[in-house]
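Work out the full structure, taking the sequences as your base and the hints as a guide.
Here the protein sequences line up with chains E and U, keeping their order. Residue 203 in the numbering used here sits at position 203 of the first sequence, with consecutive numbering throughout. Residue 12 in the numbering used here sits at position 12 of the second sequence, with consecutive numbering throughout.
No wet-lab data here; the hints were simulated from the structure. Cβ atoms here follow ideal geometry from the backbone N, Cα and C, with glycine treated the same way.
To give an idea of the interface, some chain U residues facing chain E are shown, with a C-beta separation under 8 Å as derived from the structure:
#, residue
1, L13
2, L24
3, T38
4, L46
5, R52
6, T66
7, N69
8, K81
9, L82
10, V86
What the simulated footprint calls covered on chain U by chain E, stretch by stretch (three residues with Cβ under 8 Å from a Cβ of chain E suffice, anywhere in the stretch; the number is not a length):
#, segment
11, 28-36
12, 110-124
13, 157-166
Quick list of the computed label-pair ranges, beta carbon to beta carbon:
#, chain 1, residue 1, chain 2, residue 2, range
14, E, F319, U, A61, 32 to 38 Å
15, E, S10, U, W75, 18 to 24 Å
16, E, G142, U, T88, 52 to 58 Å
17, E, R444, U, R117, 50 to 56 Å
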Amino acid sequence: MSGDRGDHPSREVLERFLLAQLPASEGSRVLRHLLAGCPGCQETAGEMWQHAPGAQRQPAVLDAELELRYDEVLDRVFKRVEIAERSIARERATARELLATLEKHPIERQRMLLRNSQRFRSPALCEQLIEASHHAGFADPGRARELAEIALELVSSLDSEDALGLSAIQNLESRAWAQLANARRVSGDLAGAEEAFERADRSLCRDGAGLFEEARLCDLKASLRKEQRRFPEALCLHDRVIAIYQSLGQRHLLGRAYTQKAMVINEIGDYDSAIALLRSALELLDPKEEPRVFLVARHNLIWSLCESERYREAFALLFHTRPYYLQGGDRMNLLRMRWLEGNVSAGLGRAEQAEVAYREVGQAFGELGLDYDGALVALDLAILYARQGRAPEVRRIAREILDVFNARGIHREAIAAIALLYQAAEREQARVTLVRRVSSFLKRARSDHEIRFQLEDDAS
Amino acid sequence: MSVLDNPLLESSLEAFLECLRPRLKVLFIRYRIPPIDTEDIVQQALLALLYRWRSVRDPEAWLVGTVRNKCLLYWRDQRRKLYDAVDTTVLEWVAVPLSPAQEAADVRRDLMSVIERLPPKCRSLLSLRYGLGFEPPEVAKRLGYRTSSISKVTTRCLAALTRQLFAAGIRKKKGWE
Chain E
1 MSGDRGDHPS
11 REVLERFLLA
21 QLPASEGSRV
31 LRHLLAGCPG
41 CQETAGEMWQ
51 HAPGAQRQPA
61 VLDAELELRY
71 DEVLDRVFKR
81 VEIAERSIAR
91 ERATARELLA
101 TLEKHPIERQ
111 RMLLRNSQRF
121 RSPALCEQLI
131 EASHHAGFAD
141 PGRARELAEI
151 ALELVSSLDS
161 EDALGLSAIQ
171 NLESRAWAQL
181 ANARRVSGDL
191 AGAEEAFERA
201 DRSLCRDGAG
211 LFEEARLCDL
221 KASLRKEQRR
231 FPEALCLHDR
241 VIAIYQSLGQ
251 RHLLGRAYTQ
261 KAMVINEIGD
271 YDSAIALLRS
281 ALELLDPKEE
291 PRVFLVARHN
301 LIWSLCESER
311 YREAFALLFH
321 TRPYYLQGGD
331 RMNLLRMRWL
341 EGNVSAGLGR
351 AEQAEVAYRE
361 VGQAFGELGL
371 DYDGALVALD
381 LAILYARQGR
391 APEVRRIARE
401 ILDVFNARGI
411 HREAIAAIAL
421 LYQAAEREQA
431 RVTLVRRVSS
441 FLKRARSDHE
451 IRFQLEDDAS
Chain U
1 MSVLDNPLLE
11 SSLEAFLECL
21 RPRLKVLFIR
31 YRIPPIDTED
41 IVQQALLALL
51 YRWRSVRDPE
61 AWLVGTVRNK
71 CLLYWRDQRR
81 KLYDAVDTTV
91 LEWVAVPLSP
101 AQEAADVRRD
111 LMSVIERLPP
121 KCRSLLSLRY
131 GLGFEPPEVA
141 KRLGYRTSSI
151 SKVTTRCLAA
161 LTRQLFAAGI
171 RKKKGWE
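Listed below in structure tokens is the structure:
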């Protein structure tokens, strides 16, 4: 090491060097000096480097002159933002009208209007289309896809020079791809969803303001991974969502993210962890803001408690949750509540109450054409019968499910599992363990058509 | 949608911004962002907030979190600029014959002395880059990296080299802590 070389740079010069603010020739001199190993300057620069911005633990001290300079900047920005807010409000109002106009036409005409008419080229309309696709969601997956597709067509025609700027347009594009990916997932096109998620990921602008989009993207992608039963990846994505909402101080959204993650943990079968996470979620969720999500968290908590055979806790929580189910008024939710009531009653040894609940729910699912759900409830009832030694009833249920599955063309492995149960029931050997095994297999097989039913020696 | 339509925000946008002013100033001071550079940070964050108003649950927390993230990214960018400046300067030194010859030899010796103290992967990469004048795709091929990831690996090695330039100060600071 050459040691000290000539004039030492001042503290200010070293600071400007670290900020890469020196002209090239001066920067080169400082670098040469440091490279030569001047201990004093290395130490000063090292301290400055180490003194990382944001790492200071002491409160920031406001210097009057500096404060004045920050105020000047903030005054300018606030003024511009207030003007922008009025303009965004106008754009959004116009976008609502444009969406209403678009929706009057068939899809091909909508595409043509978006391609040819300048007035439709608005980021706000693109946002509305993405939101409309989101709302169409499960109710009309086909429409959700169409809306996401035309949102994508629209975003590609937007001018990055407008008020939004390039990064916001990129984030809008990312949202549109993510929405399309989700619509594809819901309609069963998992490969298409995968491809769209890749596009969404590539479009995302990671500039700090795109964190919200990243959280949404990770959240939707985690749903795909869960459906693909790639649980470790789903959990990593949920952890990213959680980290983002924590950093942005979004308590309610954090609660929602915990709820989503708990669903994956439940799938893995780690009910104790799911219970702990759902309890944390419920502390964060605001029932007034999103009653549906709050109800989902409560419902899943009760379900996890039942799976852990903690029926007394489940019973108490179900009692306090009943008003939320009734408040929602949605028939499916009420049926899910009744199903849980059956499970809790069965767990508490109240067989008659459980039987009535299962029968009611099974009949309602039948009326709604929800055969698969109907089969799952029927299997819960079969567990109850098997426990009571009512073999003929178990056989009858197995026969009914088999007939429905054959008639509806439900996939082969599910039919094979039920057939096995039926054969065992005919031999009066369908014990609780076997019915349970078939039931949990059918729950998994619903989203995983690749799995095979395996009968272990002790099952029958 | 006007901010005033949103039930989450009971007062006007102006009042909301004024409430935020002291918190933003504290953040900028804590993160040592020069006033001139705060304009883009705060404007981008506020515009992003306006566009997401309906999905953001706690606008104030969201904005403070976003500005904090942007401050961190600001420093990440600043550091990257420093790595680039160090890299450009070193590349110039090793490319242009320095006069007198002794000076060129001194530079190479001092540079190699610093590189020697880096982890093996960075030693190999920077020796190829500065010692033999290899371009990134050649370095990737030689060291078995994917061409797509060589830029990221190079940045990491440049960061290690830059830190090594003032390692004495960094070590001493760690000792105090």
